[in-house]
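Order-wise, the sequence lines are chains A and B.
For the first sequence, my numbering assigns the number 84 to the initial residue and increments by one for each residue that follows.
For the second sequence, my numbering assigns the number 19 to the initial residue and increments by one for each residue that follows.
By construction, these hints were calculated from the structure, which means they are not laboratory data.
Some hints here could point you the wrong way.
What the hints assert, rightly or not - For the chain A half of the interface with chain B, some residues (derived, Cβ under 10 Å), not all of them: (1) V104; (2) G171; (3) W175; (4) Y202; (5) A227; (6) I232; (7) G257; (8) N258; (9) V336; (10) A344; (11) A359; (12) R362; (13) A375.
Stated by the list, open to error - Calculated Cβ distances over 12 Å to all of chain B for the following chain A residues: (14) S95; (15) L99; (16) I155; (17) A224; (18) Y251; (19) L262; (20) I267; (21) R302; (22) V306; (23) N309; (24) V345; (25) E363; (26) Y364; (27) L388; (28) V392; (29) R395.
Note that CB positions come from ideal geometry on N, CA and C, so glycine has one too.
Listed here are the chains, written in short residue letters.
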Amino acid sequence: MGEYLVRRILQSVVVLFLISVFTFGLIHAAPGGPTQIFLSPGLSVEAGKIKAHELGLDQPIPVQYLQWMGNILSGDLGSTFKNNIPVGDILWPTVKNTLILMGAAWILTLIIAIPWGIYNSTKEYGLSDQTASFISYTGFAMPAFWFGIILQSYFSLKLDWLPLSDMYTMGKEGNISDLFMHLILPVSVLSLGMLAGYLKYARSSMLEVLEQDYIRTARAKGVKENKVVFRHALRNALIPLITLFGLDLPILVGGAALTEAVFNWPGMGRLFVEMANSREYSVLMAITLLGAVFVVVGNLIADILYAVVDPRVQLSKGGKS
Amino acid sequence: MSANLQPTSHPSVPVQTGAAPNAEKPIGPWRQTWNKFKRNPFAMTGLAILLIFVLSAILAPYIAPYDPAKQDLMNSNLKPFTGNHFLGTDELGRDIFSRIVFSGRVSLTVGFSVAAVSVLIGSLIGAISGYFGGWIDIIFMRLIDVMISIPTLFLNILIGAIFGTKFIYIILILSFTSWMGVARLVRGNFLQLREMQYVEAAKAIGVSSWGIIFRHLLRNASFPIIVNATLMVGGAILAESGLSYLGLGIQMPQTSWGQMLSNAQEFMLIDPIQGVYPGLCIFLVVLSVNFIGDGIRDALDPRQKMHLSPRRLEKWRAKFSKSTK
Numbered sequence: 084m085g086e087y088l089v090r091r092i093l094q095s096v097v098v099l100f101l102i103s104v105f106t107f108g109l110i111h112a113a114p115g116g117p118t119q120i121f122l123s124p125g126l127s128v129e130a131g132k133i134k135a136h137e138l139g140l141d142q143p144i145p146v147q148y149l150q151w152m153g154n155i156l157s158g159d160l161g162s163t164f165k166n167n168i169p170v171g172d173i174l175w176p177t178v179k180n181t182l183i184l185m186g187a188a189w190i191l192t193l194i195i196a197i198p199w200g201i202y203n204s205t206k207e208y209g210l211s212d213q214t215a216s217f218i219s220y221t222g223f224a225m226p227a228f229w230f231g232i233i234l235q236s237y238f239s240l241k242l243d244w245l246p247l248s249d250m251y252t253m254g255k256e257g258n259i260s261d262l263f264m265h266l267i268l269p270v271s272v273l274s275l276g277m278l279a280g281y282l283k284y285a286r287s288s289m290l291e292v293l294e295q296d297y298i299r300t301a302r303a304k305g306v307k308e309n310k311v312v313f314r315h316a317l318r319n320a321l322i323p324l325i326t327l328f329g330l331d332l333p334i335l336v337g338g339a340a341l342t343e344a345v346f347n348w349p350g351m352g353r354l355f356v357e358m359a360n361s362r363e364y365s366v367l368m369a370i371t372l373l374g375a376v377f378v379v380v381g382n383l384i385a386d387i388l389y390a391v392v393d394p395r396v397q398l399s400k401g402g403k404s
Numbered sequence: 019m020s021a022n023l024q025p026t027s028h029p030s031v032p033v034q035t036g037a038a039p040n041a042e043k044p045i046g047p048w049r050q051t052w053n054k055f056k057r058n059p060f061a062m063t064g065l066a067i068l069l070i071f072v073l074s075a076i077l078a079p080y081i082a083p084y085d086p087a088k089q090d091l092m093n094s095n096l097k098p099f100t101g102n103h104f105l106g107t108d109e110l111g112r113d114i115f116s117r118i119v120f121s122g123r124v125s126l127t128v129g130f131s132v133a134a135v136s137v138l139i140g141s142l143i144g145a146i147s148g149y150f151g152g153w154i155d156i157i158f159m160r161l162i163d164v165m166i167s168i169p170t171l172f173l174n175i176l177i178g179a180i181f182g183t184k185f186i187y188i189i190l191i192l193s194f195t196s197w198m199g200v201a202r203l204v205r206g207n208f209l210q211l212r213e214m215q216y217v218e219a220a221k222a223i224g225v226s227s228w229g230i231i232f233r234h235l236l237r238n239a240s241f242p243i244i245v246n247a248t249l250m251v252g253g254a255i256l257a258e259s260g261l262s263y264l265g266l267g268i269q270m271p272q273t274s275w276g277q278m279l280s281n282a283q284e285f286m287l288i289d290p291i292q293g294v295y296p297g298l299c300i301f302l303v304v305l306s307v308n309f310i311g312d313g314i315r316d317a318l319d320p321r322q323k324m325h326l327s328p329r330r331l332e333k334w335r336a337k338f339s340k341s342t343k
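Starting from the given sequences, assemble the full structure and let the hints guide the process.
In structure tokens, the structure reads:
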């Protein structure tokens with residue numbers, strides 16, 4: 084276990100380092116470099132040069148990378164071009180908001196998907212199974228933001244049951260029940276998208292386990308069917324779901340951005356879109372990097388959990404990819 | 019008269035040479051797949067819907083009754099079926115049906131091009147990585163690790179912000195961020211296939227590495243690639259619509275379904291129905307493509323049972339009719 088843990092952590096650090104190089108390189112690969120693209124186009128050449136010098140953009144690229152990386156590791160994410168606000172000040176609150184939204188959606192999805200998917204695996208092709216498969220197809224094919232718009236126009240504008248957008252009603256910041264009302268629509272949108280994958284996966288993973296020899300043995304020695312399903316099969320079927328969580332993360336963080344845009348949710352994704360429009364490249368780089376950290380760390384945790392619950396992995400999965 | 023009764027000479031049948039007349043033609047793998055695919059009602063429905071959309075996109079100038087960009091402020095926000103406007107008009111008096119048809123051109127072009135380009139990149143990189151192995155494999159695999167760790171939407175937006183969002187760039191950006199799945203798939207296949215005896219035989223008679231990759235291995239890995247490519251069309255259409263919805267994708271005067279949606283949301287209070295059509299089109303196209311992809315996969319997989327076997331369908335029908343009574 085120890086060796087596996089060390090190897091996986093080292094691997095993640097290497098990937099994170101490569102991601103930072105990749106992101107940094109991408110910005111500097113742009114024709115004209117970051118000065119050209121991200122500074123206001125109206126700026127004269129002279130003023131542009133002075134500004135670039137102030138920001139250290141006239142240094143050699145490796146030097147700039149090291150400076151940037153050093154700043155980030157010491158907690159300084161840079162500041163915006165326009166108003167010179169520290170990036171951390173605008174970024175951290177949005178991270179919290181995104182985590183609230185994603186966490187709620189993820190919990191709701193698990194609560195629905197696992198019991199339902201497992202029930203469906205025992206009653207293959209029944210009405211409930213068909214319904215679940217219908218929901219899966221819908222969730223995969225539906226543009227999340229469209230579903231959001233439809234929910235908004237029906238539940239907020241027509242029926243006036245739920246708030247249209249934002250995280251809190253003006254003047255009620257921090258009120259939990261108000262937050263809950265604002266969460267309902269965006270969480271429904273996010274959950275439908277996630278449900279599609281989890282339902283399918285829970286069902287097929289369970290079906291696979293039910294075909295194993297040890298299940299046949301359990302049945303042959305006369306264990307009751309309920310006990311076979313819940314005691315013997317369920318535990319093993321849940322293991323692969325851990326991996327799905329890791330695989331889902333990049334889509335989740337990205338998908339949350341669209342949902343946040345629809346519902347004007349003050350999260351990381353919405354901030355990213357805003358900053359892309361106003362070309363604040365230090366914020367864009369910080370968010371991209373942070374998103375990648377989420378994904379890499381999420382995958383790492385998933386892999387470690389997997390290895391804890393299923394010791395076979397450490398042997399067979401030795402060098403992943 | 020008697021000549022007609024002659025059994026041996028039949029003028030309508032061309033003279034056959036070589037092959038025995040009664041020898042049964044072996045059914046090729048493509049034919050076999052199609053035969054199974056045909057029997058899948060979902061896949062066939064998907065194919066039909068997709069064909070309708072593709073045809074309407076190709077024939078857009080003939081189908082659309084109006085110029086999609088023509089504004090008519092006297093007739094803005096018309097309800098469906100008023101005047102000659104089948105789906106009504108938007109806030110600038112543009113005919114919604116015409117806009118839907120022309121947007122379909124853009125969205126479908128993006129979907130199919132992105133699938134094609136990213137499959138091309140992905141299979142090439144996966145093939146090289148899987149066949150040669152070694153340091154080249156390590157480099158490509160780390161690149162894939164990096165690219166799948168950055169949330170795709172962020173990556174798309176970031177590259178768009180840097181290089182611009184012209185139509186062709188949108189296609190290139192989306193392809194550049196979606197080839198990794200195919201590459202991993204092809205690499206995995208190649209790792210198995212390169213150990214096959216026919217590869218050894220080909221090497222022994224002096225076929226070059228590229229010859230083996232393109233002539234033998236890619237062909238053997240082609241079926242899973244096709245399934246993946248089909249599903250990718252849907253993913254690309256969704257990705258494009260998301261970007262355009264955020265205002266970071268297809269730009270005016272070109273329109274796509276996603277862009278129409280972002281427009282419709284602004285006028286949701288006045289006319290909520292405007293937001294339904296473009297989204298419905300995206301949904302239907304992506305759903306059809308996914309049905310087709312799943313249909314091909316099921317048809318290719320000999321272990322896979324039919325989507326709904328006749329016996330199961332019968333059982334299900336019996337149960338359903340009982341419960342409604």
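With 12 Å as the threshold, tell me whether A:R302 passes as away from chain B on beta-carbon distances.
Answer for A:R302: holds, closest chain B Cβ roughly 22 Å.
Are A:A344 and chain B close enough, Cβ to Cβ, to be under 10 Å, as the hint says?
6 Å, holds
Least C-beta distance between A:V306 and chain B, which was stated to exceed 12 Å
27 Å, holds
Can A:I232 be said to touch chain B, with a Cβ gap under 10 Å?
This interface hint holds because 5 Å falls under the 10 Å limit.
Over 12 Å from every CB of chain B: does A:Y251 meet that, or does the non-interface label fail?
For A:Y251, whose nearest Cβ neighbour in chain B is about 21 Å away, the distance exceeds 12 Å, so it holds.
Once the closest CB in chain B is found, is it more than 12 Å from A:E363?
About 10 Å separates A:E363 from the closest Cβ of chain B, which leaves it inside 12 Å; violated.
Report holds or violated for the interface hint on A:A359, using the least CB-CB distance to chain B and a cut-off of 10 Å.
With Cβ-Cβ at 5 Å, under 10 Å, it holds.
Against chain B, run the beta carbon of A:A227 and see if the smallest gap drops under 10 Å.
8 Å, holds
No chain B beta carbon within 12 Å of A:L388's
18 Å, holds
Identify whether the interface hint at A:R362 stands, where standing means a beta carbon of chain B within less than 10 Å of its own.
At 6 Å from the nearest chain B Cβ, A:R362 passes the 10 Å test, so the hint holds.
Just checking, A:V345 versus chain B, shortest CB gap more than 12 Å?
About 8 Å separates A:V345 from the closest Cβ of chain B, which leaves it inside 12 Å; violated.
Chain B contact restraint on A:V104 - CB to CB distance below 10 Å:
8 Å, holds
Against the hints set out earlier in the document, violations occur for numbers 2, 3, 4, 7, 8, 14, 15, 17, 24, 25 and 26.
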